Amino acid sequence: MENSVGKSINFIKTSEKAQHQATYHHKIGHKHGEGSAIDYYAYASKIRHWNPGFKVAFSFTTLLLCIGLNNPFVSIAVILGMAFLTVVKGGLPLSAYLSVLLIPLTFILLGTIAIGVDFSRQPLGQFNLYLGLGYIFTSVDKLQEMAVLMLKVFGAISAMIMMTLSTPSAEIIGVLRKAHVPKLVIELMNLIYRYIFILLDVFNNMRNSADSRQGYCDFKTSCTTFGSVASNLLVVSLKKSNAYYTAMEARGYDGDLVFLEEEKPFQISHLFIAAGFLFFLLLLWYVTK
Amino acid sequence: MKEPILKVNNLHYSYGTGNPALKGVSINIYQGEKIAVIGSNGSGKSTFFLNANGVLTADHGEISYQGTVINKKNLKELRKNIGIVFQDADNQIIASTVMAEVGFGPMNLKLPREEVIRRVDEALTYMNILDFKDRPPHYLSGGEKKRVTIADIIAMKSEVIIFDEPTAALDPLNAQMLEEVLVKLGAEGKTMLISTHDVDFAYRWAERAIVFNQGKIIADGTPLEIFQNREVLKQANLKRPAMLDVYEMLVEKKMVKNTNDYPTSPAELKILLEK
Ligand SMILES: Nc1ncnc2c1ncn2[C@@H]1O[C@H](COP(=O)(O)OP(=O)(O)OP(=O)(O)O)[C@@H](O)[C@H]1O
Ligand SMILES: [Mg+2]
Numbered sequence: 154m155e156n157s158v159g160k161s162i163n164f165i166k167t168s169e170k171a172q173h174q175a176t177y178h179h180k181i182g183h184k185h186g187e188g189s190a191i192d193y194y195a196y197a198s199k200i201r202h203w204n205p206g207f208k209v210a211f212s213f214t215t216l217l218l219c220i221g222l223n224n225p226f227v228s229i230a231v232i233l234g235m236a237f238l239t240v241v242k243g244g245l246p247l248s249a250y251l252s253v254l255l256i257p258l259t260f261i262l263l264g265t266i267a268i269g270v271d272f273s274r275q276p277l278g279q280f281n282l283y284l285g286l287g288y289i290f291t292s293v294d295k296l297q298e299m300a301v302l303m304l305k306v307f308g309a310i311s312a313m314i315m316m317t318l319s320t321p322s323a324e325i326i327g328v329l330r331k332a333h334v335p336k337l338v339i340e341l342m343n344l345i346y347r348y349i350f351i352l353l354d355v356f357n358n359m360r361n362s363a364d365s366r367q368g369y370c371d372f373k374t375s376c377t378t379f380g381s382v383a384s385n386l387l388v389v390s391l392k393k394s395n396a397y398y399t400a401m402e403a404r405g406y407d408g409d410l411v412f413l414e415e416e417k418p419f420q421i422s423h424l425f426i427a428a429g430f431l432f433f434l435l436l437l438w439y440v441t442k
Numbered sequence: 014m015k016e017p018i019l020k021v022n023n024l025h026y027s028y029g030t031g032n033p034a035l036k037g038v039s040i041n042i043y044q045g046e047k048i049a050v051i052g053s054n055g056s057g058k059s060t061f062f063l064n065a066n067g068v069l070t071a072d073h074g075e076i077s078y079q080g081t082v083i084n085k086k087n088l089k090e091l092r093k094n095i096g097i098v099f100q101d102a103d104n105q106i107i108a109s110t111v112m113a114e115v116g117f118g119p120m121n122l123k124l125p126r127e128e129v130i131r132r133v134d135e136a137l138t139y140m141n142i143l144d145f146k147d148r149p150p151h152y153l154s155g156g157e158k159k160r161v162t163i164a165d166i167i168a169m170k171s172e173v174i175i176f177d178e179p180t181a182a183l184d185p186l187n188a189q190m191l192e193e194v195l196v197k198l199g200a201e202g203k204t205m206l207i208s209t210h211d212v213d214f215a216y217r218w219a220e221r222a223i224v225f226n227q228g229k230i231i232a233d234g235t236p237l238e239i240f241q242n243r244e245v246l247k248q249a250n251l252k253r254p255a256m257l258d259v260y261e262m263l264v265e266k267k268m269v270k271n272t273n274d275y276p277t278s279p280a281e282l283k284i285l286l287e288k
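Protein chains in written order, with the working numbering: chain A, 154 to 442; chain B, 14 to 288.
Isolated chain A, as found in the complex (with noise of 0.2 Å):
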C-alpha cells in the first residue's frame, strides 16, 4: 500500500496527502472489483466531511422527487446537479464517475430498449424494420417514452451514487442507525462490511498461492482448485469469526456492539442550498409540465 515509513516519520501535510490518495485511489480502484473502488471512491471524496445524515436524506429527497415528478427537465436538472456534487465538490475524476455509471446505464439501456420497440407479423408503426420474421417496429411517441423513462432512472440512479460515492459504509450504517433500524440489522451490516473485506483478501490470498502453483493450468484443475479454495474459505471464515468473537471478548465485548462515530457537524448553509435545488426542480416540474 502506501509507503509507511515514511509518513511515520513525518506527517505529510493534509491537503497534499489527500490529492495523493485521490490520485492513488484512482489508479488501484481499477484493479480491485468495481464494489471495492466505489469503497475507495467514497472515502476519497472532498465532500465525506458533509453531515451524512444530510446526504442520505438530501440524495432521498432527490430520487423521489426525480421519480415523483415524472418530468424529463427535473430528470436533467438531477443528473446535472448530481455530477455537479460528486465531480466538482466531491473531486471525483470525471472519467472515474463515468466508469462507475456506465454499469447502472447498460442495464437502463437493455430495460428501456425493450420498452421502446415491439415485435409484430405486420408492418406497424412510424418505423419498422423487416427482420425476416417479423417486424421490429416503433414510434416517435414511444422512443420518447423511451427517453423520459430513461433520464428518469438514471437522475434516481445518479442522486444515488452520489450518496454512495461520498459518504463511508460505516457512515451510511450510522444515518440507519440514528433512523432507529434495528440495533441487529445494524451489528450485522457494520460486522458483514469488515468481513467482506476480510474474506476478500482471504480468497485473494488462496487464489495466488493456488495459481503459482499450477492450480488454474486446464479446465479440469481450475474447477477442482475453486472447489477447493470454495470449501477453504468456509472452514477459514468460521475459524476467522471463532477468532474474532475472541478478540472482541478480550476488549470487553458483552453483547452490545457500539462504535464510536464521528459527529460531523450539520451545515445550515447546505440545508438553503439542498432547499433551493429542491425548490428549483418543482419550479422547473411546474413551468414544464
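Since no wrong hints were added, every one of them can be taken at face value.
Just a sample of chain B residues kept apart from chain A, beta carbon distances all over 10 Å, derived:
hint, residue
1, Gly31
2, Ile42
3, Ser53
4, Lys229
5, Lys247
6, Lys266
7, Met268
Covered, in the sense of this in silico footprint (three residues per stretch, anywhere, with C-beta under 8 Å from a C-beta of chain B), are these stretches of chain A:
hint, segment
8, 349-363
9, 394-408
Hints are computed from structural coordinates only; laboratory data are not their basis.
Please read all numbers here as calculations on a predicted model, not as lab measurements.
Here a beta-carbon is modelled for each residue, glycine too, at the ideal position from N, C-alpha and C.
Fit chain B with the ligands to the given chain A structure using the hints.
Relative to the frame of chain A, chain B with the ligands by itself:
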C-alpha cells in the same frame, strides 16, 4: 515481598480437540515487569495469554489479579486491566474506521463520549497514526494495522499489556518504532508480557524471561540466566542471542575483560570495547 499484580496458579487448559495446550502453568507477575515469553511454535504461549485475559476459561487452576481471585463475576475487571495485542491484526480489527476501532475498547468500558474521543486521539498520537483516523482498516498495510491494534490497547489504559508476537509483521524501521513505544510504556510503569521468537530482542528488552515448552513453563529467570542455560535452550529449541555469543567469544580471546557486565546491543558493546 510485594504482592504480585497477576498470580497464576496451576493452570490447565485444553482446546475442544482434547490435546492439552497448558499443563499446569504457575507464575507470579509483579507490577512494572518486562517479561519476554519465549518457546517454540505451539508451545502454548497464545493459549496462556488468552487464559490470563479471561477469554478462555481454564479447566483447572486459578488466576488472581491484585490479590482478588478471578471468577465469573469479576471477569470484566480482568479484561479491563489486561489488554492483549493479538498475533494476527486482522483477527483483532473489527470496526470499519480506525477511529471506531480504537474507540471500541473504551466504548465497552462505558466511558463518556468525550473521554473516549480523548483516549482515541491520545492513543493514535502515541502510535503516530493520527492521520489514519478516518481510514477504513482494510486499506492499511500489515504494519500499519499492527500499530492500530496496539493503539486499541493503549486506549484502554490497561495496567498489564500482552503483546503476542508483535514484531512478526513489521519491517525493521517499524520494529524499532515498536521498541521505542515499549520503552515509553515501560517508563509509565506498565507491566508487559511479550511473546517473541526473536531471541535478540528478548535478550535486549526483557528483564525477565519465561520459557514455554509443550504447555509448561520450563524456565523462568533473567534473560541472561536463561540464555546461558544450554539445557533449557536445547529443550525449547532456542538459539542464543548473537550479542551473548559475541561477548563470550571476546572474553575467551581476552579482547575484553570479563566484568559480567553483559552488553545486550551493539551500542553497549562499543562502550565496553572503548573502555
Ligand atoms: N483454536 C484452537 N483449537 C484447537 N487447538 C488449538 C487452537 N489454538 C491452538 N491450539 C493448539 O494448542 C497448542 C498451543 O498453541 P498456542 O497457539 O498457544 O501456541 P503458541 O506458543 O502461541 O505458538 P506460536 O508461536 O506458533 O504462536 C498447539 O498444540 C495448538 O495446536
Ligand atoms: Mg501464538
